[in-house]
Structures are given as C-alpha cells and as structure tokens.
Amino acid sequence: MNCREFTDFMLAYLERELPVAQRASFEEHIRDCPPCLAYLDSYKETVALGKRVCALEDEAPADVPEPLIQAILSSRQS
Amino acid sequence: MTTQQAARIGGVPAEEAALLERLRAGEPAAFEAWVRESTPRLLAVARRMLRNEDDAQDAVQDTFASAFRGLPRFQGGSRLSTWLHRIVVNVCLMKLRSRRRKPEEPIDELLPKFLDDGQMERPASPWRCSGEALLARHEGRKAVRDAIDRLPESHRNVLLLRDIEGLDTAEAAQALGISAGAVKTRLHRARLALRELIDPVLRKEAP
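Protein sequence lines, in the order shown, are assigned to chains X and H.
Position 25, counted from 1, in the first sequence is what this note's numbering calls 25; the numbers after and before it change by one each time, with no gaps.
Position 81, counted from 1, in the second sequence is what this note's numbering calls 159; the numbers after and before it change by one each time, with no gaps.
Rather than coming from a laboratory, the hints here were simulated on the basis of the structure.
Certain hints may be false.
As the list claims (entries may be wrong) - Computed from the model, here is a short list of chain X residues facing chain H with C-beta under 10 Å: (1) 2; (2) 17; (3) 20; (4) 26; (5) 32; (6) 38; (7) 39; (8) 40; (9) 48; (10) 52; (11) 55.
Unchecked claim - Which chain X residues stay away from chain H? Per the calculated CB distances, all over 12 Å, these: (12) 19; (13) 23; (14) 41; (15) 58.
Since the model is a prediction, treat every value here as computed from it, not as a measurement.
Each residue gets a CB set at the ideal place from its N, CA and C atoms; glycine is no exception.
With the hints as extra help, turn the sequences into a complete structure.
Structure follows, in structure tokens:
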C-alpha cells in the first residue's frame, strides 16, 4: 500500500469497514511510514476539532435577537 | 431506585415531562420558557448551515411553527431538544435545496497532492500545537470555523450533517438525496480538505 492508497482508505479504516487483508496492509503502512501515521493522527484531530468548535458555538451562541423571540411567540398566538 | 432514576420517566427528565404537560395544556408561560431556552442552540445550528442571518432566523421561526403544529402528536420518545434539532436541520436542508445553486469551486484544489510513485508531495509531520491549545484561543476557534466555511457547499453540508449534527450515513444520504457511497466520499474529502486548511495553523509552535 502506498501513501495515496493509505489516504484513500482512512475513512473506511476508521469506520472499521476495511476487509481483513486491506486492514492488515493499512496497519503495516502505519508502522512503516511515520508521515502517514502523523497524517492519520491529524485527520482524527481535525474531526474532533470540528466537532468541538461547533459544540462550543452551541453552548455559547451569539446573541439571539429579541424580535425573533417575539415573532415566534406571536406566531403561536395567531 | 436512585434519586436520579426516579427523576427520569421513560428516559426523559421529570422536569421535561412536566414542561411537555404544560405545553400540551397550552400554557403561554411554558411556551415562552421553551422558546427562550431552545432558540439560542437552534439559531446556532441554522447560522452554521445557512451562513445567512435572515435565512437562519427564518429557519428558526419555521422550526417552531412546525413544532407547535406537531406538539399534539409528539410521543415523548425522544427529548424535546432532540426533536427540535431534527426539525431545524430538515428546515435548513429544505432552504438549502430551494436556493439557486451557485457553481462551486472544485474541492480537488484543497486535497493533499501526491507524487507519481504515490508518496505525499508534502509529507505530514506531527502537529506542534494541540487541538486543545488551539481552541483555547479565539483566533484558533475562528481558524477552524473559517476553514469549515471555506469548504465547497456540497461537501460542507455532508461534513456538518455527519460530523457536527450527528446524523449517520443513511440519514445524511436520505436528507441530501444522494447515495450512502456519495456521503462517504464527500465526508472523507471534506475532512481531508479541512485538515489541509487548518494544517498551517497547527504546524506552528503553540504560543
């Protein structure tokens, strides 16, 4: 497996969808290729960062305009 | 039975069951409390998906209009917040579908490049700044958010649905009207592109 194939198979590897033989050669490549190991780690970190930054946004959202709240409440009454 | 277990009825916290009862009884104060508590998160989701303030506020209004209509049929099988989240995601997807589609920048420009022998053109090295350190800084959080926003819309939507809003592959495929295979391909490319976009920031030494 070369680095291009390794990159192509990362999602399937992480979702445990690679057939046994391909999984074995993927893991062999991880052992033999430090840049691809670093790449896989940074790929996983990227996913985690995306989730975390949006979760922080949800926990402390920007201002909610009061007219929006009033429009929603009045739509229920109409 | 522990106190915590006793405070939950059918997996739903007792206070939410009480709120649902008050909403079904049509208590105006209950509606106001529900709207005030739920709107911030719904608006954050809509802003993220639609990237337009007017459209995001419309989406939240449409979400509540749909929820008010659906409340008598709401079974209580999930949390009210989970139910509202599903509605706002669907409303946003409908709005995205109704928008005139602009031609997208191809994502290929953002993907890693390889040499003829299959090796990476720029071999990766471990990031020097931890994700935690990056997110502790306002500009770090902004860098990640801006990078997500730079993804072409067709890929960005898949990333948002799968990685951020928590839909599985089948749900995302159904919501977007594409195959499960296309969801996986777009998700992988979106993640690769996002990784390339934030790589320069994380390769730098932590301050």
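Reported absence of residue 19 of chain X from the contact zone with chain H (all CB gaps over 12 Å): Holds: least Cβ distance 16 Å, greater than 12 Å.
Interface hint for residue 2 of chain X, Cβ within 10 Å of any Cβ on chain H: Constraint on residue 2 of chain X satisfied, holds at 3 Å.
Restraint check, 10 Å cut-off on beta carbons, for residue 32 of chain X near chain H: violated, 12 Å
Evaluation of the interface hint that places residue 39 of chain X against chain H, nearest CB under 10 Å: holds, 4 Å
Residue 23 of chain X remote from chain H - nearest C-beta pair above 12 Å: It holds; residue 23 of chain X is separated from chain H by about 17 Å at its closest Cβ, greater than 12 Å.
Interface-negative label, residue 58 of chain X against chain H, beta-carbon threshold 12 Å: With a cut-off of 12 Å, residue 58 of chain X comes too close to chain H, as the shortest Cβ separation is near 5 Å.
Interface exclusion of residue 41 of chain X relative to chain H, criterion Cβ beyond 12 Å: violated, 7 Å
Interface hint compliance - residue 48 of chain X to chain H, C-beta minimum distance less than 10 Å: holds, 6 Å
Hint status (Cβ of residue 40 of chain X to nearest Cβ of chain H, threshold 10 Å): holds, 9 Å
Chain H contact restraint for residue 17 of chain X - C-beta distance below 10 Å: Holds: closest Cβ of chain H sits about 9 Å from residue 17 of chain X, inside 10 Å.
Restraint check, 10 Å cut-off on beta carbons, for residue 55 of chain X near chain H: Holds, about 8 Å.
Hinted contact residue 38 of chain X with chain H - closest CB pair below 10 Å: This hint holds: residue 38 of chain X lies near chain H, its Cβ roughly 4 Å from the closest one there, short of 10 Å.
The structure shown violates the earlier hints numbered 3, 4, 5, 14 and 15.
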